[in-house]
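K.L.:
Got chain A sorted already, so can you dock chain B onto it with the hints?
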Amino acid sequence: MPGSVQSVERAAAIVRLLAAESEPLALAQVAGALGLAKPTAHGLLRTLCEVEFVDRDENGRYRVGRDLLQLGSTQLDVNELRSRAINWTDALAARTGEAARVAMFRDGEAVVAHHVFRVGAGHQTLETGKAVPLHATALGKVLTAFDPGAARAALDRPLEGLTYRTVTDRSTLVRELADVRDAGYATAVEESAPGVAGIAAPVRDRGGYVVAAIGIGGPVDSLCDARGRPRSRLAEDVLWAARAISREFGHGRS
Amino acid sequence: MTERYVAALDQGTTSSRCLLFDGQGRLVSLAQRQHHQHFPRSGWVEHDALEIWEIVRRLVPEALSNAGAAPEQVVALGVTNQRETTVVWDRDTGRPVAPAIVWQDTRTAELLQSLCENLDAATVYERTGLPAATYFSGPKLRWILDSDPSLRDRAERGDLLFGTMDTWLVWNLTGGVDGGLHVTDVTNASRTMLMDLRTLSWDPELLACMGVPAAMLPEIRPSMAELATTRDPVPGIPITAVIGDQQASLFGQTAFEPGEAKCTFGTGSFLLLNTGTEIARSRHGLVTTVAHQVAGEPAVYALEGSVAVAGALVEWCRESLDLIRSPAEIETLAMTVDDNGGCYVVPAFSGLYAPRWESRAQGIVAGLTGYVTKGHLARAVLEASALQISEVARAMNRDVDVPLSSLAVDGGMTANNLLMQAVADYVDVPVVRPMMAETVALGAAYAAGLVAGYWPDRQVLKRQWHKAGEWHPELDPAVRRQHLERWDRAVELAIAWGAPASPSPYLD
Numbered sequence: 001m002p003g004s005v006q007s008v009e010r011a012a013a014i015v016r017l018l019a020a021e022s023e024p025l026a027l028a029q030v031a032g033a034l035g036l037a038k039p040t041a042h043g044l045l046r047t048l049c050e051v052e053f054v055d056r057d058e059n060g061r062y063r064v065g066r067d068l069l070q071l072g073s074t075q076l077d078v079n080e081l082r083s084r085a086i087n088w089t090d091a092l093a094a095r096t097g098e099a100a101r102v103a104m105f106r107d108g109e110a111v112v113a114h115h116v117f118r119v120g121a122g123h124q125t126l127e128t129g130k131a132v133p134l135h136a137t138a139l140g141k142v143l144t145a146f147d148p149g150a151a152r153a154a155l156d157r158p159l160e161g162l163t164y165r166t167v168t169d170r171s172t173l174v175r176e177l178a179d180v181r182d183a184g185y186a187t188a189v190e191e192s193a194p195g196v197a198g199i200a201a202p203v204r205d206r207g208g209y210v211v212a213a214i215g216i217g218g219p220v221d222s223l224c225d226a227r228g229r230p231r232s233r234l235a236e237d238v239l240w241a242a243r244a245i246s247r248e249f250g251h252g253r254s
Numbered sequence: 255m256t257e258r259y260v261a262a263l264d265q266g267t268t269s270s271r272c273l274l275f276d277g278q279g280r281l282v283s284l285a286q287r288q289h290h291q292h293f294p295r296s297g298w299v300e301h302d303a304l305e306i307w308e309i310v311r312r313l314v315p316e317a318l319s320n321a322g323a324a325p326e327q328v329v330a331l332g333v334t335n336q337r338e339t340t341v342v343w344d345r346d347t348g349r350p351v352a353p354a355i356v357w358q359d360t361r362t363a364e365l366l367q368s369l370c371e372n373l374d375a376a377t378v379y380e381r382t383g384l385p386a387a388t389y390f391s392g393p394k395l396r397w398i399l400d401s402d403p404s405l406r407d408r409a410e411r412g413d414l415l416f417g418t419m420d421t422w423l424v425w426n427l428t429g430g431v432d433g434g435l436h437v438t439d440v441t442n443a444s445r446t447m448l449m450d451l452r453t454l455s456w457d458p459e460l461l462a463c464m465g466v467p468a469a470m471l472p473e474i475r476p477s478m479a480e481l482a483t484t485r486d487p488v489p490g491i492p493i494t495a496v497i498g499d500q501q502a503s504l505f506g507q508t509a510f511e512p513g514e515a516k517c518t519f520g521t522g523s524f525l526l527l528n529t530g531t532e533i534a535r536s537r538h539g540l541v542t543t544v545a546h547q548v549a550g551e552p553a554v555y556a557l558e559g560s561v562a563v564a565g566a567l568v569e570w571c572r573e574s575l576d577l578i579r580s581p582a583e584i585e586t587l588a589m590t591v592d593d594n595g596g597c598y599v600v601p602a603f604s605g606l607y608a609p610r611w612e613s614r615a616q617g618i619v620a621g622l623t624g625y626v627t628k629g630h631l632a633r634a635v636l637e638a639s640a641l642q643i644s645e646v647a648r649a650m651n652r653d654v655d656v657p658l659s660s661l662a663v664d665g666g667m668t669a670n671n672l673l674m675q676a677v678a679d680y681v682d683v684p685v686v687r688p689m690m691a692e693t694v695a696l697g698a699a700y701a702a703g704l705v706a707g708y709w710p711d712r713q714v715l716k717r718q719w720h721k722a723g724e725w726h727p728e729l730d731p732a733v734r735r736q737h738l739e740r741w742d743r744a745v746e747l748a749i750a751w752g753a754p755a756s757p758s759p760y761l762d
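Each protein sequence line maps, in turn, to chains A and B. By our numbering, the letter at position 162 of the first sequence is numbered 162, and the numbering carries on one by one without gaps. By our numbering, the letter at position 157 of the second sequence is numbered 411, and the numbering carries on one by one without gaps.
The shape of chain A in the complex, shown without the other chains (with noise of 0.2 angstroms):
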């Protein structure tokens, strides 16, 4: 598209996500949810606190200025995540030969948005619609390590432990969702259920706003080696789809 400004698009990002959250969010969070680097970030935010988009309260915090949030803020759509998704999950799912889910965060929780059948396995039941463990399962780290409200839906209650595998430590947690934005994937290996691993990514918009995450899950035995890592193979395979499918959104686009 001619004549499109890279910082325009940031800007509009920040105040997507700013208009997205209940609380005022700092810079570091700001910057790591959008994949920003924080000099950019700042200049960015301080920018739209002149044209009064954002405000910047005494702590230093940031929050949609109060005149926009009366635009309301228009969320993704679950049917229309559905619809842009449907065919490179079809794709990741064959690829790897595992279940393919689609989630996004929503009311609390990351919801399953869309489910691909794991190829050649018995009888399946759709899941769409379904909620899925925030700190337990790969696409619920995606959302909880890119998405503020999501971090803050999972790390302001106990952790449950459903697994002996599962991360129940909140420190734990949170230094693990640091290194899932600097892979740029997370995985869980038996974390909320026995013998069932998973290896997810972000879904990103235009802006870079992380609007779903996309993953595998199956066997530990299929998607980790023999020593319990997830195989780096399919974890390309799920970053492949999950560029494809930002692309559908304007990711990355020229």
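There may be inaccurate statements among the hints.
Away from chain B, derived, C-beta distances all over 10 angstroms, residues of chain A [said to hold, decoys possible]: (1) Gly43; (2) Ala94; (3) Ala178.
Okay, the calculated beta carbon distance ranges per label pair [what the hints assert, rightly or not]: (4) A:Gln6 / B:Asp302: 48 to 56 angstroms; (5) A:Thr40 / B:Ala324: 31 to 39 angstroms; (6) B:Ser660 / A:Asp179: 40 to 48 angstroms; (7) B:Glu380 / A:Gly129: 46 to 54 angstroms; (8) B:Pro710 / A:Gly129: 50 to 58 angstroms; (9) A:Ser7 / B:Arg311: 27 to 35 angstroms; (10) B:Ala755 / A:Ala121: 52 to 60 angstroms; (11) B:Val656 / A:Gln124: 43 to 51 angstroms; (12) A:Val174 / B:Thr623: 30 to 38 angstroms; (13) B:Ala468 / A:Ala121: 30 to 38 angstroms; (14) A:Asp221 / B:His292: 51 to 59 angstroms; (15) B:Arg735 / A:Arg152: 47 to 55 angstroms; (16) A:Gln6 / B:Ala468: 56 to 64 angstroms.
If you want the footprint, here are the derived chain B segments under chain A, 3+ residues with CB under 8 angstroms [unchecked claim]: (17) 273-283; (18) 662-676; (19) 689-702; (20) 720-730.
In short, the hints are calculated from the structure, not lab data. Each residue gets a CB set at the ideal place from its N, CA and C atoms; glycine is no exception.
P.N.:
Structure of chain B alone, referenced to chain A:
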């Protein structure tokens, strides 16, 4: 070793797409763009064939670049298309002489009454497998020729060419004015009302009574054959399959054997059943059509239940009513209520196709009360697609020995869970979606890849079919029956509304 791919060009009613598939039939890249729909008058639907060709010219290189693939990595191209849509163009300039008349267009409703005076409808049906309806290409072509007296002379001299979208694209892909190949395939030709189903060639009697000069017709070729090599926009790719979109998705679902069926939900919805090399005849309002033909082999036929409006109704809710911002949101809106609130929408925008074939029927909304909200309307919109397909499925079950035990579905609307559940409820069989909703394109790629030797045989393709999702009937049989009865009444009302009015004691 360098990866090799098969490409599919899917020229649909609302958009065109170019897709690349790998050896496992998995989507590798997709480029897509919509074109304009023109509604110049009530009942008229037109496309700009030049706009579509310009879009296709951009999509092919875009799909290659999305995959990081060089042209020589593409071993074959399959072309698939919206069927029946009629283009007439000048052989020397390459420019259409009139807007393309889209399959949904009903302008030929009056023309049909007088079209075939020398052949009765039963003979036409016997020969072509088609009832007299506005849907098919022949009458549209006749309308274009009648619209301007100079056109018929030019057509008879061979200066004008006729084609459906497959013909238009292949002609342009192979050089256009500079020696483009003027061909169609048996599946597309079987939608014109001009081809004899048994001989697979243009029927002189039908041409004569439809008033179509033979000089303007493309050569009919098998669907799967080494046709030509592209010259534009990316030279050097072998075109090895041309097949109508619904037949392509039957192939993409790997419904190769007699008795295998599929239902595609796109702009319209289409249930096709493979009947093998036998020309099966419907006694319940279905169409007989060619499913595909491999060069040197007998043609394979299908029974088809065509429904003109499915996704088109959702699109109408967005574009014309502003009820939703995107088609997917119809499900969100429909989920705000538990049922249709007694409301039924009969989307007879193009009259009614199978199984009733009522060209003059017009759309209605029945059961309106103050209780009905836009949520109920959204639900009625989705249920309309499910109810129409259930009618067609019942007609098909009456025509064949073995009723459908499950329904394989595909198309963009299979992303709509509410619709898929409604289809399972009203057709009353499990609904199964394969791991590739874009089955039209996949089928074109499969057909092209088989000819090119990219895949050794059909068994390999069968093994690539995987179940991605499944919906089971949940509706109480008594409730189901009640809905079907109300729907039937609503459809009767839509037909009555389109019929000439009878005298009223309340007027005059």
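K.L.:
Now look at each hint and say whether the structure bears it out.
P.N.:
Now the hints, each set against the structure:
1. Gly43: holds (33 angstroms)
2. Ala94: Non-interface label on alanine 94 of chain A violated, nearest chain B Cβ at 5 angstroms vs cutoff 10 angstroms.
3. Ala178: Holds, because the least Cβ-Cβ distance between alanine 178 of chain A and chain B comes to about 32 angstroms, which exceeds 10 angstroms.
4. A:Gln6 / B:Asp302: 48 to 56 angstroms: At roughly 34 angstroms between Cβ atoms, aspartate 302 of chain B and glutamine 6 of chain A fall outside 48 to 56 angstroms, so the hint is violated.
5. A:Thr40 / B:Ala324: 31 to 39 angstroms: Between threonine 40 of chain A and alanine 324 of chain B, where Cβ atoms are some 36 angstroms apart, the hint holds.
6. B:Ser660 / A:Asp179: 40 to 48 angstroms: The hinted range 40 to 48 angstroms holds for serine 660 of chain B and aspartate 179 of chain A, with Cβ atoms some 45 angstroms apart.
7. B:Glu380 / A:Gly129: 46 to 54 angstroms: Between glutamate 380 of chain B and glycine 129 of chain A, where Cβ atoms are some 50 angstroms apart, the hint holds.
8. B:Pro710 / A:Gly129: 50 to 58 angstroms: violated (41 angstroms)
9. A:Ser7 / B:Arg311: 27 to 35 angstroms: About 34 angstroms separates the Cβ atoms of serine 7 of chain A and arginine 311 of chain B, which means 27 to 35 angstroms holds.
10. B:Ala755 / A:Ala121: 52 to 60 angstroms: holds (59 angstroms)
11. B:Val656 / A:Gln124: 43 to 51 angstroms: Between valine 656 of chain B and glutamine 124 of chain A, where Cβ atoms are some 26 angstroms apart, the hint is violated.
12. A:Val174 / B:Thr623: 30 to 38 angstroms: violated (55 angstroms)
13. B:Ala468 / A:Ala121: 30 to 38 angstroms: Violated: the Cβ-Cβ distance is about 55 angstroms, outside 30 to 38 angstroms.
14. A:Asp221 / B:His292: 51 to 59 angstroms: holds (56 angstroms)
15. B:Arg735 / A:Arg152: 47 to 55 angstroms: Cβ of arginine 735 of chain B to Cβ of arginine 152 of chain A: about 50 angstroms, so the range 47 to 55 angstroms holds.
16. A:Gln6 / B:Ala468: 56 to 64 angstroms: Holds, since glutamine 6 of chain A and alanine 468 of chain B (Cβ atoms, about 58 angstroms apart) stay within the stated range.
17. 273-283: holds (count 5)
18. 662-676: holds (count 5)
19. 689-702: Three-residue rule met by the region 689-702 of chain B, so holds; n is 4.
20. 720-730: Coverage by chain A holds here, the residue count being 6 at a Cβ distance below 8 angstroms.
Of the numbered hints listed earlier, those contradicted by the structure are 2, 4, 8, 11, 12, 13.
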